[in-house]
Structure formats: structure tokens, C-alpha cells
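Colleague: For reference, the chains in residue letters:
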Amino acid sequence: MNKVKILNIKKESYKLRLTILRIIYDASSSHLGSCYSVIDALFTLYKFLKDKKILKNSKIILSKGHAAAAFYTVLQYFKFISKNELNSFYKDGSKLMGHASHYVNGVILSTGSLGHGPGVGCGIAYALKKQKKKDDVYVFISDGECNEGSVWEALLFASHHKLNNLKIIIDYNKLQSIYSTKKTLNIEPIKKKLDAFGFKVTELDGHDIKKLYNYFDKKIKTNKPQILILHTVKGKGVSFMENNNLWHYRTPNSKEFQMAKNELENKLR
Amino acid sequence: MRNQFVKSISKMFKQNKKVNLITGDLGFGYFKEFYEKKCEQFINIGVSEQNMASVAAGISLINNNVVYIYSIGNFATLRCLEQIRQDICYHNLNVNVVSMGAGFSYGSLGGSHHLLEDISVMRSIPNMKVFLPSDERDIDQILKLTSKGIGPTYMRIDKSKVPNNIIPKTNVLKPREICDGKDGYIISTGGILNDVLDCIKILKTNYKINLGLILLSYINDEEYKIFKKKIKKNMNIFTVEEHSLVGGIGDYCLDIFNKRNIKYKNFNKIGVSNKSFSNVSGSQNYLKKINKIDNLGILKVIKKTFRV
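Protein sequence lines correspond, in order, to chains A and B. According to the working numbering, the residues represented by the first sequence are 1 to 269, in order. According to the working numbering, the residues represented by the second sequence are 1 to 308, in order.
None of these hints come from the bench; they were simulated from the model. Each hint should be verified, as a subset may be incorrect.
Coverage of chain B stretches by chain A, computed from C-beta distances (three or more under 8 Å per stretch; other residues unrestricted) [as the list claims (entries may be wrong)]: (1) 47 to 59; (2) 62 to 76; (3) 85 to 93.
Just so we're clear, the structure is a prediction, and the values are computed from it rather than from any experiment. From the three backbone atoms N, C-alpha and C, an ideal C-beta is built for every residue, glycine too.
Only chain A is shown next, with the shape it has when bound in the complex:
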């Protein structure tokens, strides 16, 4: 993984942030903060699968379906959908609903209600293993999503059935809907919990492209399912949105849109 390539992914990831900002602003939609915490990992994963030429049949579930704007933007980048389709996001008559929708090319599972992705991901991983297929299944979940009991049911299943083709990625941005995860329903010590559940757990800075790429690229020999805990920043990339839960809901007004745009464009220079 050379330096130029990493810089390039990083740059593209910031460009995608601009696109996400634009489509959310155009549609008066929301969840910018959640999109920005997950975009680096999501894009890096797609980039890795593309490099390995296995993107076409990849099994990726965005269980935190509210980050759909980020998902669709990545799908457009990799030509699963057109620019026109992307621009229809959240608008009347568009297939691109506010939460990830399987009516959109490249999306295998509609989500939006939290805690569904891990279970369905388990089913896919189980069936693939039975068929002796080598493909991995990737499921992005949020930290708030770990409040859902169904997540833990799925974790038990994955571990019991040794689904080492399952990779769950936690976008741990430390904030959920009203306030912090810690204050809402503390999930700590999350690593210990997941270790105890029988997972191979890795912790990374969720905005460190090099580490992310290397993680996806590295073949880990294990019979355990894997979990990647990503320490991320909600709203990452736009200073006034970072770690501010207002941007879970808020559509930027024209002034805020311009400020965010300028900041992101400056980073690209």
C-alpha cells in the first residue's frame, strides 16, 4: 500500500463528503454526522474490494441504514448507480430512500430499523460457508445499534457457528440519537465483551485510511468471526459538525452549507 494511493483514497473520501453534503442539503435530509463518521471505512472497503476485483459480488450490509447518503454516494462512485439517480436522493419518487434500500443497485439489504444487519449477515455467511464459498460478509453497525438485543443474538450465533467469513464493523462515534452512548446505555467495556463472545476483535482509528486498508487486506487466520471496532468522530471533516449531535438530525441551512463546503474544499487543496 503506497503513500500516494493512501493520499488518493483520503482525498476521494473528502470529495465524497462534499457530495454527501450536497445531496443532503438538496433534499433537506439529515444524518450528516453518521455519514461522516463511517465514510472513510466504507469507501476504503469498497476501494479494497475493487482493487481485488471482487467488488461485483460483494456482500456488504449497512445495518446503520441512516447513513444511506454515504452508502449511495459510494455506490455512485463505483458506478452501481448513475449521478442522476444519486441526485434524486430522498426526493419524491426516488428509489434512494432516506434509509438504505434494496431497490437500489448494489444494496443487498434494506435497513433503517436498527439491529437487523448482523442477523441477516449471519444467515448469508452461514449459507456461503455451507456452499464452501470464500466470500466475506461485511456488516456495518453503529454503537447506538448495540443497544438492540437482536445484535447480541446474532453475535452469539456467529460465534457458535464459527462464521469466520463474517466481519462486523462498529462505527463507534460515541454519540447516539439524544446524547452520548456512554450516557444513554453504556456499551463499555465493548472490546472485553466482544472478546468474551468469541470474536477476533481489532480496534482502529476509523479515519486512518492506511490502517483500514491494511486491515481489509490482511488475511487473518482464525476460526472466529471478526469485529472491527472503529473509533470515529461523528461529523468528521467539518469542524462545527464534529462531535455535535445536532448533525444527526439537522439539515444545514444555506450559510452552514456554504461554510461546510468551504471547509471541505480547503482540505482538498
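Once you have looked at the hints, place chain B on chain A.
Modeller: For chain B alone, kept in the frame of chain A given last:
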């Protein structure tokens, strides 16, 4: 009925390797042939119904697999309702939900185990096809059909069954006439058919009232022709079900009759009130009796309607 389900699914396993069965840790003994032989098409997923529905959805997304998920009472339906709606029905996947214990089948186990709202809830979900078998041949027919993968289905299995020679062998997808009536019709489904058949006999012998019987085994708005043909405007109609009066086959028939302009004299829904839960223990027969949906309870409503 349960044994027939096991027999039929075992047959389907052999015919089609893509058929899978997941149980939510129920089936001690009767699924023995699967768990003892470590059958690869069988999973005991543990007591985790939400995960059962989601995992089934995931399995069915791969390789055209068809999955049955099984539990008793409300556990296969209400406990994981959102997973059924979101993961299975929204994606129109080949997952078949099977609930053992229709109505008061598990009577003495208490209110937690009474399956009384399932038809109402399941039939309201888009893409879900609802099957209501009444005898063993129905179960076999339904499994033959659903194991091909026809999208999401729901099947409610009653502990009590109708003897095998009563229901015609014809297509389970169509409402079937069990007997012809001059004065009216009863529309019913499930093991309660036995009580209904009793009533019909008593009414005929003792009161010279001639009621016909139409059996519903599949919920499908398009199957109305038999009603159109048989039901006349001077007839009294009764629906009888071991299910809530809200949203069950009574409401379903009323909807169809309204939509298809089918005229009748009186329409009586006989079923379980949703005003309260059972507050006593009791066998299926006992609970039917105190809920006035046993043969005598049904008879009373019919006699009142006919003023005899």
C-alpha cells in the same frame, strides 16, 4: 398435525437440498431425526426468534435457498414481527414462518402461549401469504407448494385436526365447500371445524336448518367466486375461528363480500373477543367453551339468528 409437518418437511429435505428448517429451540423428540443425524438442513438456533427470522432471510438470499422457521405460539410471529416484516417480507424472500399451536392449542400453558392475533397481523403484511391448514393432507399440500419458494408465507398449525376423510383433496389454495347449504353458510378453518360440523348436524336433525360449510385454507382476495356462487341474499352467514374477532377470517370475509358485492341476510362473526386475556388455565376444549366458541357456543349464536 405436528407429526405430519415433520414427515412432510423430512420428505422435502430429501427432494430439495436447498430446503432448510430453523427451530427456535422447540421440537424435543419430534425433530430428533434431524438433530441426532446432524442433518445439514436443520438448525436449532436457540431461543432467539429475532435472530431466527433474520438468519433465515440471510440464508434465503444465497443460492435460492428456501427456509422454514419454526416455533410455537406467538414466538414465531409476534416475538420477531419486525424481522418478519423488514427482513423477510420487505425483501420478498423465500422464508416460511410456521407457528405450532393455533388458538388455544396450548391452552393450559397460559395466555403467553395463546395464538389469537396471528392471522390478523400476518395477513396485513405485504407479500405475506397466509395458510391455514385443517388436516394433515393440507399440511402436506402446503409444504409441497411452499418448499418451491413462493415468497414469504405463514402457516398456523392447530393441535386439533379434522379427520382425513372430511376435507376434499382439492387445491388448498381455493376455498373448499365441505357441504352445501340452503339456509346459509359457515365459513371456517382449523381444528374448530370439528365443532362446526357438530353444529351443522344438530341444526339439520333437530331444527331442519340446512347450513353449508366452506373451508378457508389460504387467504387470497382473488378467490371469491365460490362465495359469489353459493351465497344468496336470503342467507345467514357465520364465520367461525379460533382467533381474535379483530382481523381474522371474519373480517377477511366481510371485506371480500363488500368488495365483490356479495349480498347476504345476516353476517355473524364467531371468534375470540379481544376485550380481555384468558385469566384461567384450561385445555383447548375448556377454553373454547368459556370463550363460547365450542360446538354449543357456536350453536347458540346460530339458533339466535334463526330464532329457534
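Colleague: A separate judgement is required for each hint: does it hold in the structure or not?
Modeller: Hint-by-hint comparison with the structure:
1. 47 to 59: holds (count 10)
2. 62 to 76: holds (count 3)
3. 85 to 93: Satisfied; 4 residues make the cut.
Hint check: no violations occur; every hint is consistent with the structure.
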